[in-house]
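Visitor: So the sequence lines, in the order shown, correspond to chains A and B. Just so we're aligned, residue 4 is where the first sequence starts under our numbering, counting upward by one. Just so we're aligned, residue 4 is where the second sequence starts under our numbering, counting upward by one.
Take the hints with a grain of salt, since some may be wrong.
It does not matter which identical chain is used: a pair holds within one copy or between any two.
[Unchecked claim] Under the rule of at most 25 Å between Cα atoms (straight-line distance), these lysine-lysine pairs were calculated in the BS3-like manner:
| # | residue 1 | residue 2 |
| --- | --- | --- |
| 1 | K140 | K13 |
| 2 | K524 | K459 |
| 3 | K524 | K162 |
| 4 | K302 | K16 |
| 5 | K301 | K16 |
| 6 | K184 | K170 |
| 7 | K524 | K13 |
| 8 | K100 | K462 |
| 9 | K140 | K524 |
| 10 | K13 | K170 |
| 11 | K459 | K100 |
| 12 | K462 | K503 |
| 13 | K166 | K302 |
| 14 | K170 | K524 |
| 15 | K294 | K163 |
| 16 | K170 | K459 |
| 17 | K462 | K16 |
| 18 | K16 | K140 |
| 19 | K100 | K443 |
| 20 | K166 | K443 |
| 21 | K503 | K459 |
No lab work stands behind these hints: they were computed from the structure. Keep in mind the model is a prediction, meaning the values are calculated, not measured.
Residues per chain, in single letters:
Protein chains: 2
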Amino acid sequence: MFRTAELGRKVSKEEFDRQAGPLRIELLELQQTLRAADFPVILVFAGVEGAGKSESMNLLNEWLDPRWIVTRAYGPPSDEERERPEFWRFWRDLPPKGRIGQFLSAWYSRPFMEFATAAIDDTTFDERMTRVQAFEKTLADDGALILKFWMHLGKDAQKKRLKSLEKDPRQSWRVTAQDWKNWEMYDSFIRAAEQLIARTSVSAARWTIVEGQDDRYRALTVLFSLRDALLHHLERRRLQRQTRTEAYASLVARDATGPGARAAAGVGAGMGGQVLPNLVAGLPTVLDTLKMDSALEKKDYRAGLAQQQGRIALLQRRARVQGVSTVLVFEGWDAAGKGGSIRRLTQALDARQVQVIPVAAPTDEERAQHYMWRFWRQLGRAGRVTVFDRSWYGRVLVERVEGFAAEDEWARAYAEIRDFEEQMVQHGMVLCKFWLHITKDEQLSRFKTREETPYKRWKLTEEDWRNREQWEAYEHAINEMVERTSTHTAPWTLVEANDKRHARVKVIRTVADAMERAIGKPKGSG
Amino acid sequence: MFRTAELGRKVSKEEFDRQAGPLRIELLELQQTLRAADFPVILVFAGVEGAGKSESMNLLNEWLDPRWIVTRAYGPPSDEERERPEFWRFWRDLPPKGRIGQFLSAWYSRPFMEFATAAIDDTTFDERMTRVQAFEKTLADDGALILKFWMHLGKDAQKKRLKSLEKDPRQSWRVTAQDWKNWEMYDSFIRAAEQLIARTSVSAARWTIVEGQDDRYRALTVLFSLRDALLHHLERRRLQRQTRTEAYASLVARDATGPGARAAAGVGAGMGGQVLPNLVAGLPTVLDTLKMDSALEKKDYRAGLAQQQGRIALLQRRARVQGVSTVLVFEGWDAAGKGGSIRRLTQALDARQVQVIPVAAPTDEERAQHYMWRFWRQLGRAGRVTVFDRSWYGRVLVERVEGFAAEDEWARAYAEIRDFEEQMVQHGMVLCKFWLHITKDEQLSRFKTREETPYKRWKLTEEDWRNREQWEAYEHAINEMVERTSTHTAPWTLVEANDKRHARVKVIRTVADAMERAIGKPKGSG
């Protein structure tokens with residue numbers, strides 16, 4: 004794989020100087036264009052020690068305007084990072100749209116080193132690479148331009164490079180005993196690198212192998228690659244926008260007066276754009292399997308609530324000590340009682356360890372990132388409880404139904420969500436997801452009560468009435484959501500919520516059961 | 004001081020129930036009003052162990068809508084927190100406008116415990132309280148409503164409370180050996196508390212002493228205090244807005260055609276609103292003391308630049324190892340060469356350890372916080388170099404001159420800035436501040452070059468020309484900025500920048516000198 008990167012390619016000083024001037028201006032201008040673009044650029048530099056990874060990053064910082072570049076290298080994780088899933092630190096460092104992020108080894112570093120030194124086997128390495136692939140795919144699908152450079156040196160060339168660095172008093176610190184140990188294992192490293200590249204060089208995030216021996220050749224290779232990729236990507240995004248606009252125009256023309264017109268306004272998204280709803284209309288969904296007459300008498304409610312609140316209070320304290328975090332997701336119809344259930348739950352918990360996150364319109368910092376970014380950033384530290392009042396499922400519910408997300412966006416969200424939740428669970432976090440279900444009649448009667456109660460009136464908006472009109476479309480979206488995201492590791496709990504008492508007790512009991520499974524039954528609990 | 008909090012005040016269950024219903028609705032409605040308000044609410048709960056601090060926080064979370072409340076308690080700082088000044092962790096947790104943040108002891112905790120146990124003396128305690136006062140004043144000046152509750156129990160009452168907690172199997176974990184040790188030192192704690200309260204109970208952030216023995220009395224005291232304070236603060240803010248609007252109207256009426264009209268548009272701010280500029284116009288400023296013919300020959304420049312870049316490269320490596328962070332502030336006239344100087348500096352540094360922060364319009368998350376918040380959040384981890392391309396000085400420069408900040412806002416910014424910078428320096432960070440100065444003629448010639456050079460044209464905007472018209476107002480603002488913020492711990496470096504070569508070398512040498520003073524001269528450096 005690396006034979007073509009051991010050819011001894013060189014660029015003369017004259018040639019370099021001739022190319023450098025115009026290229027630098029071109030790159031600066033491209034960077035300006037990028038600043039107004041709707042995607043970020045993510046550069047990864049990895050490869051052989053001494054082959055010019057950090058030199059390349061320095062070079063970019065020097066040639067381009069460093070104000071719009073985020074440069075990151077990773078040492079051992081900080082304690083705040085260790086308390087979240089491994090990829091949290093990478094998500095938090097992602098560049099917003101219009102900027103460049105350059106990463107040294109980053110998400111490749113640990114799996115590569117562990118695999119090369121046989122600390123993990125093929126299967127584990129493969130799993131890690133699957134996660135990396137999913138991460139990069141998630142970003143690329145959202146428009147990110149991802150370029151990865153593998154800087155290479157032959158075995159002899161590396162030896163020479165390490166020796167010459169050692170000789171230079173200003174560079175000698177860079178060469179450690181570990182580097183020489185690694186050099187002796189050169190062949191294992193190369194084998195690992197071949198697998199890594201083969202496994203993660205996909206069209207949306209391709210590796211470029213760069214011969215690292217000659218500084219000038221290496222620099223020009225990286226810079227020209229960046230220029231070409233940027234030019235190509237800017238053009239590709241432009242064409243995509245154009246295609247969407249045309250698709251939109253044709254949809255509008257076709258459906259101008261039909262029922263699809265509203266959905267078409269969402270640029271080819273929404274339920275109206277699909278044939279399915281008509282086919283499945285009237286057919287039962289997973290919601291129809293619920294026993295909607297489930298109810299609790301006042302007395303049983305009081306006893307049940309007290310019992311479950313007591314359980315969860317003890318469990319939370321234990322979870323805090325053990326550093327086990329809990330993430331709770333609340334979704335449900337308007338007026339289904341999310342707020343009330345959350346309050347009965349947080350009542351029992353130590354407020355210092357709980358954060359309720361209301362999910363509404365994203366801030367502009369959030370809009371400049373991938374859709375999932377704003378949820379990643381909210382994950383709490385070890386032992387905390389994070390309650391999402393609405394969540395990342397908005398993508399496949401309201402954004403889908405209302406056409407705020409394009410079809411490809413919400414359709415791929417299922418996989419992105421599964422990946423996100425799997426990472427939480429693998430990290431040892433407790434995850435519960437609730438859909439609070441009420442019948443259409445029950446919703447109407449609750450809306451009316453809200454209208455009539457002065458201090459509840461603010462809770463009822465025009466939007467609630469509008470959402471209600473889309474009841475069937477939502478039912479269909481909910482059914483598909485459960486189908487695609489209720490997994491063994493992260494199951495949905497559907498809550499019969501026509502009776503608030505039943506719903507509240509069921510929610511807290513479900514959370515307590517899940518915590519108990521994760522951390523064991525506390526002593527002294529009923 | 005605490006005698007009035009040992010009266011055995013109680014509220015009967017009937018009385019409590021009678022009050023609770025309407026009060027809860029009132030608070031929920033006030034919280035809704037607050038959500039649209041232009042200030043945050045900051046609640047601090049401190050006091051005697053067992054007097055109901057965390058119970059009060061839980062209560063608020065239960066009574067109000069927990070989605071708009073941030074609740075924070077602090078254990079030992081995380082490593083990411085230890086790497087910044089002590090107050091960084093509090094700044095990062097501040098609630099945005101419209102929300103409530105409730106804090107357990109927080110910035111009072113450490114100084115109080117250390118003082119009560121005689122780990123620090125009066126002078127040190129006093130210094131700490133000065134810092135706390137400055138912090139709260141900064142937030143209150145910006146409109147924050149700050150309420151502080153000191154929960155009190157008499158010595159016997161505390162003993163009884165601790166014993167009863169110990170007896171309850173669900174609460175016994177809360178009482179530790181340390182609590183009993185503290186109880187034996189009850190009198191020292193009370194003496195410390197008296198000093199703390201006396202020192203930090205100022206009108207904008209008053210302490211309310213709450214008798215903690217009776218749960219219901221305590222709850223109602225806290226909740227009614229919050230209600231009254233909120234009502235009062237909302238009204239006060241409304242009146243302030245009204246006064247400003249009237250002042251603005253009268254200014255506009257008076258100056259409709261005069262030179263003050265433009266400044267009046269900034270709501271009573273700007274240079275136009277002042278008498279001073281007319282008095283000082285034409286008088287020399289600190290900028291006139293600069294030798295503007297300072298220059299370097301090309302040959303000397305090359306040698307000087309190489310030498311200083313070499314120094315700084317070595318110093319940065321050493322600073323990284325020692326965990327010493329560097330913060331650099333670049334201010335200067337448009338086209339004074341900030342970007343070029345920054346690039347020559349970062350060229351010499353390891354890109355992985357440097358972050359250049361371009362300061363432009365704040366994001367909406369930043370706008371929802373105190374002006375200084377967005378600079379606090381950018382402070383880098385230990386050993387890193389953070390370069391601010393424009394900075395918090397915008398408040399007393401462009402925002403003052405253009406009238407974007409009201410006079411009271413920019414006038415108090417000097418003290419806020421000194422406090423911020425002092426905290427950095429006390430934390431061991433290296434701080435350098437540069438004003439890059441060019442003459443008005445030199446600026447004109449650079450603007451013209453930019454107009455004529457295709458790939459530089461984007462750098463020149465309408466705004467640059469407009470700023471130029473305000474040259475004298477800026478000179479005056481710069482003079483005052485240097486006067487008020489060039490301190491022994493954080494001096495300004497004024498850079499004669501008509502000659503770019505001279506400026507660049509001077510900048511890098513100044514940074515290298517400052518780093519050298521902080522970490523010592525590296526071995527092997529010239």
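Visitor: Each hint: holds or not?
Guide: Checked hints:
{"no.": "1", "hint": "K140 x K13", "verdict": "neither (34 Å within a copy, 62 Å between copies)"}
{"no.": "2", "hint": "K524 x K459", "verdict": "neither (39 Å within a copy, 67 Å between copies)"}
{"no.": "3", "hint": "K524 x K162", "verdict": "neither (57 Å within a copy, 32 Å between copies)"}
{"no.": "4", "hint": "K302 x K16", "verdict": "between (87 Å within a copy, 21 Å between copies)"}
{"no.": "5", "hint": "K301 x K16", "verdict": "between (86 Å within a copy, 22 Å between copies)"}
{"no.": "6", "hint": "K184 x K170", "verdict": "within (18 Å within a copy, 60 Å between copies)"}
{"no.": "7", "hint": "K524 x K13", "verdict": "neither (67 Å within a copy, 38 Å between copies)"}
{"no.": "8", "hint": "K100 x K462", "verdict": "between (34 Å within a copy, 21 Å between copies)"}
{"no.": "9", "hint": "K140 x K524", "verdict": "neither (40 Å within a copy, 48 Å between copies)"}
{"no.": "10", "hint": "K13 x K170", "verdict": "within (23 Å within a copy, 80 Å between copies)"}
{"no.": "11", "hint": "K459 x K100", "verdict": "between (40 Å within a copy, 23 Å between copies)"}
{"no.": "12", "hint": "K462 x K503", "verdict": "within (17 Å within a copy, 61 Å between copies)"}
{"no.": "13", "hint": "K166 x K302", "verdict": "neither (81 Å within a copy, 32 Å between copies)"}
{"no.": "14", "hint": "K170 x K524", "verdict": "between (61 Å within a copy, 22 Å between copies)"}
{"no.": "15", "hint": "K294 x K163", "verdict": "neither (74 Å within a copy, 50 Å between copies)"}
{"no.": "16", "hint": "K170 x K459", "verdict": "neither (76 Å within a copy, 41 Å between copies)"}
{"no.": "17", "hint": "K462 x K16", "verdict": "neither (70 Å within a copy, 31 Å between copies)"}
{"no.": "18", "hint": "K16 x K140", "verdict": "neither (39 Å within a copy, 60 Å between copies)"}
{"no.": "19", "hint": "K100 x K443", "verdict": "neither (41 Å within a copy, 37 Å between copies)"}
{"no.": "20", "hint": "K166 x K443", "verdict": "neither (76 Å within a copy, 53 Å between copies)"}
{"no.": "21", "hint": "K503 x K459", "verdict": "within (17 Å within a copy, 65 Å between copies)"}
Going down the numbered hints, you'll see the structure goes against 1, 2, 3, 7, 9, 13, 15, 16, 17, 18, 19 and 20, while the others check out.
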